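A.B. asks: As a plain string of letters, each chain reads:
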Amino acid sequence: MLNIEKRITDTKAVFALEGRLDTVTSPDLENALKASIEKITDLELDLGKLEYISSAGLRVLLSAHKTMNKQGSMKVTNVNSAISEIFEVTGFSDILTIE
Amino acid sequence: MKIDIQSANFKRSAFTAALFFVLGIGIAIASFFIFDAKSLPASRVVNISADIFCMILAFVLYICCVLDTQWHGDNLNYFLLMIFTDFTAAITDEFAWLLDGIPKYSTWNMLINTLYYITTPFLAFLFWRYVCSYLNIERTKTRKWDILFFSGLCLAVVMRLTNMFFGFYFSIDDLGFYQRNSLYPISLIYAYVVMLLTLILVILARKRFQRHQVIALFAYALAPLFVGVLTIFTYGLSLSSPIIMMVFLLMYCVLNVVQGKEKVVAENELKMASAIQENMLPRIFPPYPEREEFDLYASMQAAKEVGGDFYDFFLVDDDHLALIIADVSGKGVPAALFMMVTKALIKNQTLADCHSSADICVKINEQLSQNNVLDMFVTAWVGVLTISTGELICSNAGHEYPVIKKAGGKFEIIKDKHAPPLGAMSGIKYKETTYTLSAGDVMYLYTDGVPEATNRENELFGAERMLEALNSASSDDPKTIDTHIKESIEQFVNGRSQFDDITMLCIKYNGKNGSKKQNGSEGETGTVATTKKEE
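Line by line, the protein sequences give chains F and E. Residues in the first sequence are numbered from 321 upward in steps of one, following the numbering used here. Residues in the second sequence are numbered from 4 upward in steps of one, following the numbering used here.
Hints are computed from structural coordinates only; laboratory data are not their basis. Note that this is a predicted model, so its numbers are computed, not measured. Be careful, since some hints might not be right.
Stated by the list, open to error - If you anchor each label on the Cβ, the simulated ranges turn out as follows:
(1) Q373(E) x P347(F): 18 to 28 Å
(2) E419(F) x D322(E): 39 to 49 Å
(3) M283(E) x K395(F): 46 to 56 Å
(4) V260(E) x T361(F): 47 to 57 Å
(5) Q373(E) x K326(F): 30 to 40 Å
(6) S475(E) x P347(F): 31 to 41 Å
(7) Y195(E) x T361(F): 49 to 59 Å
(8) Y195(E) x K390(F): 53 to 63 Å
(9) E325(F) x Q262(E): 56 to 66 Å
Glycine is no exception: its CB is placed at the ideal position from the N, C-alpha and C atoms.
The shape of chain E in the complex, shown without the other chains:
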């Protein structure tokens, strides 16, 4: 379960919880006067005041946690439940002291004390889950322990309920006074065992914590233990709930606030990286409004803040347009770093050497292969279009097959010659393919994020659906095609989160004279000449 601070559901439950807190505190303070607490012994007044203080602290802490936007998920849920449980412990403790020694309330006294007793094992169990979720341990790994502890919790609750009839842990005597009985220490076993095992987990995972965080977690387990040991022998003081609440405050500060701070810093850096990367790609469309010979549109949608895909296009000279689409192996920051280097290299190389895409690939491959300790590589499709003739020289370095639609025809996958990706290994020879685009032809380039978009049933979007979507677009306009494919993918994945970067580049060639209304009838039809060049 994930808490979304914006969702109506969350707002409702937060509001209900806040109301519960305020009501609880109100009742607690009111009953302090109703039961004429002034006549009580001083130790009890201290105790009751501490309980009320604890409840107010719980409320404040709860508000802090809810408003902390950096913190969500299971870890927060367990922490909130812990606050609730301790709040319940405090309010029952207060009433237990108020009702103590009044014979007519002895049944209530029993019920309230039982509820108080039930909170202890709950606090221990929640602490275990809180630590597990803080450490992000997979549920499957802790499953056996979860089951064991949960069964123990159920047993502890049942024992406490049974105690109402047999009074082995505690009982209320005829005068209405609460008193501990011989088996009282047994009631603490469950909580102590769970606490102890959780602390062992903390010790085992100590490298993941800072020293003061370990101290806070130990304080949670040891402070009430210390108080508990003291109160085994002294009657009249039970300060564990307020003390636990103080430790909660400490835990919140040293564990979760620190974690939130680290997250914010990391997130800000990623946002900046993301902005830098986005602005590396040409993003103004149409890019060359004065050029009537072609229409072009491209987009990159990263799965994470930064991605490893990129597209690029630029005019090498008046008559040559370079087109590039590429996909770096892997995702996230490492892929993004590699992508930035590759993009710059390809552009520089193409500007210097625009007439052979194979030469460009060979040189880029040599440069990327040097000192490539992580064996990263880039699948790339590099093409140079001679605008006046429609001749497109291109090389495919392990990239997805391009899709071409001849004017008036349908989109079809062109299985061109493949060579290994750039950076995979030095000494690779790249091949070159030449297409001749006629007026009205459309070429669509993409990365594997398109065919490998996955829906909730684990089905892939696939090349078939991609072709179908391309052919069902309402026009040949590259921007329309781009939008249509994105919509089709979105419809297909049906809400499943995007796993890989999705990048597309689409170009429509309008012929030398550049009339956009022209259709294919004028140019040569369907000529795909292929020449291979071996280095």
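With the rest of the complex left out, here is chain F:
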């Protein structure tokens, strides 16, 4: 299960994720992002309550990161130790802006 909470103000958007971002749930995030990041220049993904992220989830983050590189910036925040380890192992810590 994945809960996505969107907060959009003008050109800034915060997506707070809760639960598991895996093969089953990552299309949900992909669609939610696609639907609303067109005019966003400042995207924040709050992973505070994310328990797990699979390679399918990483792909969605990578996609969003690439899109945002063209039109603004993206950062991930509140990364907990479990997710942080996944970012380390997969080398995503070198790609994403983690705060």
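Fit chain E to the known structure of chain F by using the hints.
C.D. replies: Below, chain E alone, put in the same frame as chain F:
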């Protein structure tokens, strides 16, 4: 519930059901003569014959459905229940006509007509579930409607049972004749409402059906309605059960046979894809029987027909062995396509440029990053072993940490330097790590399918259990280790179906002189030199 045509349970219930059909048909035909049907009016003879025809058709259709191996699951179950219900309707209809007008059987006539009346709401409810399951709508989404319709069904049955005492829908008069009463049309409300709502669902989901399939579903609802409307005013003919059965036959042909055909075609294609993929990976072990310097074993077990994991190994020249393990993001066909490309690229690049794994990764990454519209990526571990010295140059592109056991020691996770996966983004610099393997050292590489194997309690196999399993293997032989890990995972997941591809590659280095009996005492012990190379 899933019907498995091979299971004893299924065979038993199929046999019981077939027996029920044959017995029903036998009784129906026998009673046709016992009750001297020849003396009945022609319309009734026609009616009874149609009922018997309907029952035979039900039997044939049932056999077809059971033998149709392409069709299983809830959808089939509802269809079979619909056939049963209509069969019951036909046999009760026949008896109702046979017993009609015989005063001494008036109680039986009542019971049988009540049973006949009960089948109608059941047929409507089952039709609703059949359409829902055909469309694969999740149970949670239809839950409210299910509850509503089921409550309606219960109410309809209770009303029919009450009717036996008060006779508001129909009654049996003193001469033993069945007759409809003033409230008869009310008995049809439930079935018509459910049918109507189901048809609305069909219309809403019309894009998922072909036109003739929509027609078949409408025919199911409208044919008996048409007959029903006609027979509100005419006494003596009730042909709805045979007509419904004919529509079942139509539905079976246009909905389920077509679906089965599509499935077979898709399955065959996947099987071929699976065979192609399997044969892309080196599968003959030992791969180099003449090389005494190392033992090697690898395996890939895809979760679906095709997978996104792969391993590879090949001799670059007489003194260099390339080792690769990789995992494409995602699963199934898209991952498999990406995997095939990546595998070919890595092999070609390594053959051309075998002395720097970092260079190999940089070049592969640039090639994969071009036109990568879906942002797919591959986590990979690429290593080149100099066989004569045991020097292993390797790079880790976002892949799981390798596990190494020094001769005589224990398996330990080596946290090497990580860089992002291949294809994630162009312009990435990869690092290089150098290990020196001594005689007797074992290296184990794996994909995340191993630590992330999940049991029924949603627990992960985890790195700890993996190390434990590695250390408890009966020998250092790579094949023994591979088998042991697989058994440990199987024991752990305890029957839960495999969710991710499981791939492993294990190599034991026997030293330059290649005596397999040798143990680590001869080589340098535990030297792990690390050099980093920044591009």
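A.B. asks: Work down the list of hints and note, for each, if the structure agrees.
C.D. replies: Quick rundown of the hints versus the structure:
no., hint, verdict
1, Q373(E) x P347(F): 18 to 28 Å, "25 Å, holds"
2, E419(F) x D322(E): 39 to 49 Å, "48 Å, holds"
3, M283(E) x K395(F): 46 to 56 Å, "40 Å, violated"
4, V260(E) x T361(F): 47 to 57 Å, "54 Å, holds"
5, Q373(E) x K326(F): 30 to 40 Å, "33 Å, holds"
6, S475(E) x P347(F): 31 to 41 Å, "40 Å, holds"
7, Y195(E) x T361(F): 49 to 59 Å, "57 Å, holds"
8, Y195(E) x K390(F): 53 to 63 Å, "57 Å, holds"
9, E325(F) x Q262(E): 56 to 66 Å, "39 Å, violated"
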